[in-house]
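Trainee: Listed below, chain by chain, are the residues.
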Amino acid sequence: MFAAKFTAELANRIGSRVEVATDNNLIEGILSTVTADLALVIDVSSGYGGNVKIYISVDAINFVRFPVAA
Amino acid sequence: MANLTDRQRKLLNLLNEMSQNLVTSNNANSVNNDSTLSHNFSLNLPGFSLDGGQNLNLSLGKWGGGGTPGTPTTIREVLLSLVNEQVQVTTPFDTISGTLLAVQDDYIVIIEASGSQVLVRIEKIEFVSNS
Chain D
1 MFAAKFTAEL ANRIGSRVEV ATDNNLIEGI LSTVTADLAL VIDVSSGYGG
51 NVKIYISVDA INFVRFPVAA
Chain E
1 MANLTDRQRK LLNLLNEMSQ NLVTSNNANS VNNDSTLSHN FSLNLPGFSL
51 DGGQNLNLSL GKWGGGGTPG TPTTIREVLL SLVNEQVQVT TPFDTISGTL
101 LAVQDDYIVI IEASGSQVLV RIEKIEFVSN S
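Residue numbers (this note's numbering), protein chains in the order written: chain D, 1 to 70; chain E, 1 to 131.
Among the hints, erroneous ones may be present.
[Stated by the list, open to error] Each computed EDC-like pair below joins lysine to aspartate or glutamate, with the alpha-carbon atoms no more than 16 Å apart:
id	chain 1	residue 1	chain 2	residue 2
1	E	Lys124	D	Asp23
2	D	Lys53	D	Asp43
3	E	Lys124	E	Asp94
4	D	Lys5	D	Asp59
5	D	Lys53	D	Glu28
6	D	Lys5	E	Asp106
7	D	Lys5	E	Glu123
8	D	Lys5	D	Asp37
9	E	Lys124	E	Asp105
10	D	Lys5	E	Asp105
11	D	Lys53	D	Glu19
12	E	Lys124	D	Asp43
13	E	Lys124	E	Asp106
[Said to hold, decoys possible] Reference listing, derived: stretches of chain D covered by chain E, where coverage requires no fewer than 3 residues with Cβ under 8 Å from a Cβ of chain E:
id	stretch
14	1-13
15	26-32
None of these hints come from the bench; they were simulated from the model.
None of these values were measured; they are calculated from a predicted model.
Quick reminder that beta carbons are idealized off the backbone N, C-alpha and C, glycines included.
Using the sequences and the accompanying hints, generate a full structural model.
Mentor: Right under this line is the structure:
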């Protein structure tokens, strides 16, 4: 049901809305790309249509939440 | 002592001799202050710990040494025993509460009360409780 590795499971969920928590930050956006070391989240919450790309080190991630659609 | 092998018996004898030597040198120190050994050295025999913080795994048979069977030794083993139960998992950022759905190689899956799925990296888990 779930992939054995964290990055493999994230890769299966590309395109999902996510909340990524690191030790000190919470990043919300759309999961765009996942490699062994990096996760790319497109921040769509900042408004202004900027679509800021946020590259997150996988090692820094505490957890990733997949909120249920409102 | 009857269940000990020759090697284990010798090791215990050596340790006994060492402890006695240390006690004698302590006594000697109190007389001869020229020694470079510390005067304040203490040997805590009643709570005698063979491993000194290292896991020597001496395998002393009935005396233990391998830990109580059934006692988890890693956080992953703790989590595996809590699958399908309500848990609280604390990471540096926040505590996640919900039903533990799965324990994989390097992460766990929790379903929160809201229905959200959370993938938590095991490496980042500080402590777990069965809420």
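Trainee: If a hint holds in the structure, say so; if it does not, say that too.
Mentor: We went through each hint and held it up to the structure:
no. : hint                : verdict
1   : E:Lys124 x D:Asp23  : holds (9 Å)
2   : D:Lys53 x D:Asp43   : holds (6 Å)
3   : E:Lys124 x E:Asp94  : holds (11 Å)
4   : D:Lys5 x D:Asp59    : holds (13 Å)
5   : D:Lys53 x D:Glu28   : holds (11 Å)
6   : D:Lys5 x E:Asp106   : holds (6 Å)
7   : D:Lys5 x E:Glu123   : holds (12 Å)
8   : D:Lys5 x D:Asp37    : holds (12 Å)
9   : E:Lys124 x E:Asp105 : holds (13 Å)
10  : D:Lys5 x E:Asp105   : holds (6 Å)
11  : D:Lys53 x D:Glu19   : holds (14 Å)
12  : E:Lys124 x D:Asp43  : violated (24 Å)
13  : E:Lys124 x E:Asp106 : holds (10 Å)
14  : 1-13                : holds (count 8)
15  : 26-32               : violated (count 1)
Checked against the numbered hints above, the structure violates hints 12, 15; every other hint is satisfied.
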